[in-house]
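Asker: Below are the chains, spelled out letter by letter.
2 protein chains.
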Amino acid sequence: MLKNIRIVLVDTSHPGNIGAAARAMKNMSLRQLHLVTPQHYPHQEATSRASGADDLLNNARVAGSLDEALTGCRLVVGTSARTRSIDWPIVTPREAAAKLVQEARSGDVALVFGRERSGLTNSELDRCTFLVHIPTNEDYSSLNLGAAVQILAYEIYLAQQQDPTVKSDSQRDLATADMLQGFHEHLAQALDDIGFTDPRQSQKLLRRLRSLFQRARPDKDEINIMRGILSAMQGRKSMRR
Amino acid sequence: MLKNIRIVLVDTSHPGNIGAAARAMKNMSLRQLHLVTPQHYPHQEATSRASGADDLLNNARVAGSLDEALTGCRLVVGTSARTRSIDWPIVTPREAAAKLVQEARSGDVALVFGRERSGLTNSELDRCTFLVHIPTNEDYSSLNLGAAVQILAYEIYLAQQQDPTVKSDSQRDLATADMLQGFHEHLAQALDDIGFTDPRQSQKLLRRLRSLFQRARPDKDEINIMRGILSAMQGRKSMRR
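Protein chains in written order, with the UniProt record's numbering: chain A, 1 to 241; chain B, 1 to 241.
Calculated directly from the structure, the hints in this document are not laboratory data.
Mixed in with the good hints there might be a few duds.
If chains are identical, the list can't say which one is meant, so a pair holds when it fits in one copy or spans any two.
[Unchecked claim] Once the Cα atoms are required to be at most 25 Å apart in a straight line, the calculated SDA-like pairs of lysine to any residue come out as:
| no. | residue 1 | residue 2 |
| --- | --- | --- |
| 1 | K99 | L205 |
| 2 | K204 | Q214 |
| 3 | K204 | H184 |
| 4 | K204 | E45 |
| 5 | K3 | S51 |
Quantities reported herein were computed from a predicted structural model and do not represent experimental measurements.
All chains, please: the whole structure from these sequences, using the hints.
Answerer: Set out below in structure tokens:
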């Protein structure tokens, strides 16, 4: 089950943090490390800090983009140090862990960590089904990347030790991250085609819609239906039903 | 309350771990760092890894013995990576945190971490009221010292927190039942207008879409946006944004 949980590190600056993350993961029985455009990798400092978890480093997958690292994932949880203006569901580490473990029974899921200084960009956060915020001292809230991985890996390990009842979402054939991204690109195009989007507002509007559909957690059929509607809106007859 | 909680590091080999512990503590609003016979301290690597928590390092107290560092403490909790032969009460991090926070209301308490390689000696463990064990992968159980401090500091911070940071649906301005019903009627009409719905299947399709939007629990703004899109689909310009 834990083998289905990907830890995704985006644009990491310090190779030591990659090593610390690998060690934290292995301590908590997580195995799948994905590195999106790491700045220095492989690196001696990563291996040194991994301290015996170098098998995780050797098996880590390096991806050219976040979307690539998320391919096939049915649930994507992003880490966020702050509250955003748009309402996006934010949960505690404990809640996120329970959800990740539960959904990992049915397929791949991802937990995404951003850059050391600046975290995830808005567009990266938009890829996430929901966000997790680690509670910290408000006057000194910037956790070390390895420490953040450690806290969440620990909560995941605890969640997996318990025996949660399987809830409905894990039984649904949820759309994967790449299917959702394809849908949102189609949606943007279709709204443009029917003249709905005001260029000054379209980014905000699209993020709003993204938030709505992330909450709904559409399954694969529903994405096909919605894309059929979009195609019909565009006046094409390529309905996929 | 948290100011009464001492983090005591015994005989630490790597100054980087002292810095990481200071940062982990400050992130979680702990202030009192006690160092028992650290092998290299002060040290540039400690300051570098503390990354802004150097005030904790500057105020750290260096003690010549564990007993000296524990002076005045009403509760002493020791960290242990293993189960000992002698029966000693062992609790989870969550239970230890609750106990530490509760007792810290009344006076000083201590949480003690041992050497990187060998932990606390039996004689040091004997100084403890009880022991805490962080659950880990049995095949790779050796946590980094800074990571262990981070997990326990996090649990202490949570234990002391009264209100969680979760945004609940009750804080959002959810659409009312009548707004939702109006939206679904509009949706049915719009799909019909663009020739999307197959009469034989439309009831099933509409129920499918209804289930999707029920799950999302749209707020009032979102319903207005969606109705604007529907109007645009229908070729009307009565956008309600």
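Asker: If a hint holds in the structure, say so; if it doesn't, say that too.
Answerer: Hints, one by one, checked against the model:
1. In this assembly of identical chains, K99 and L205 lie within 25 Å of each other by CA distance neither inside one copy nor across copies; the values are 28 Å within and 29 Å between.
2. In this assembly of identical chains, K204 and Q214 lie within 25 Å of each other by CA distance both inside one copy and across copies; the values are 15 Å within and 23 Å between.
3. For a Cα distance limit of 25 Å, the shortest separation of K204 from H184 qualifies both inside one copy, at 13 Å, and across copies, at 24 Å.
4. In this assembly of identical chains, K204 and E45 lie within 25 Å of each other by CA distance neither inside one copy nor across copies; the values are 41 Å within and 44 Å between.
5. Only within a single protomer do K3 and S51 lie at most 25 Å apart by alpha-carbon distance; the minimum there is 21 Å, versus 33 Å between protomers.
Checked against the numbered hints above, the structure breaks hints 1 and 4 and satisfies the rest.
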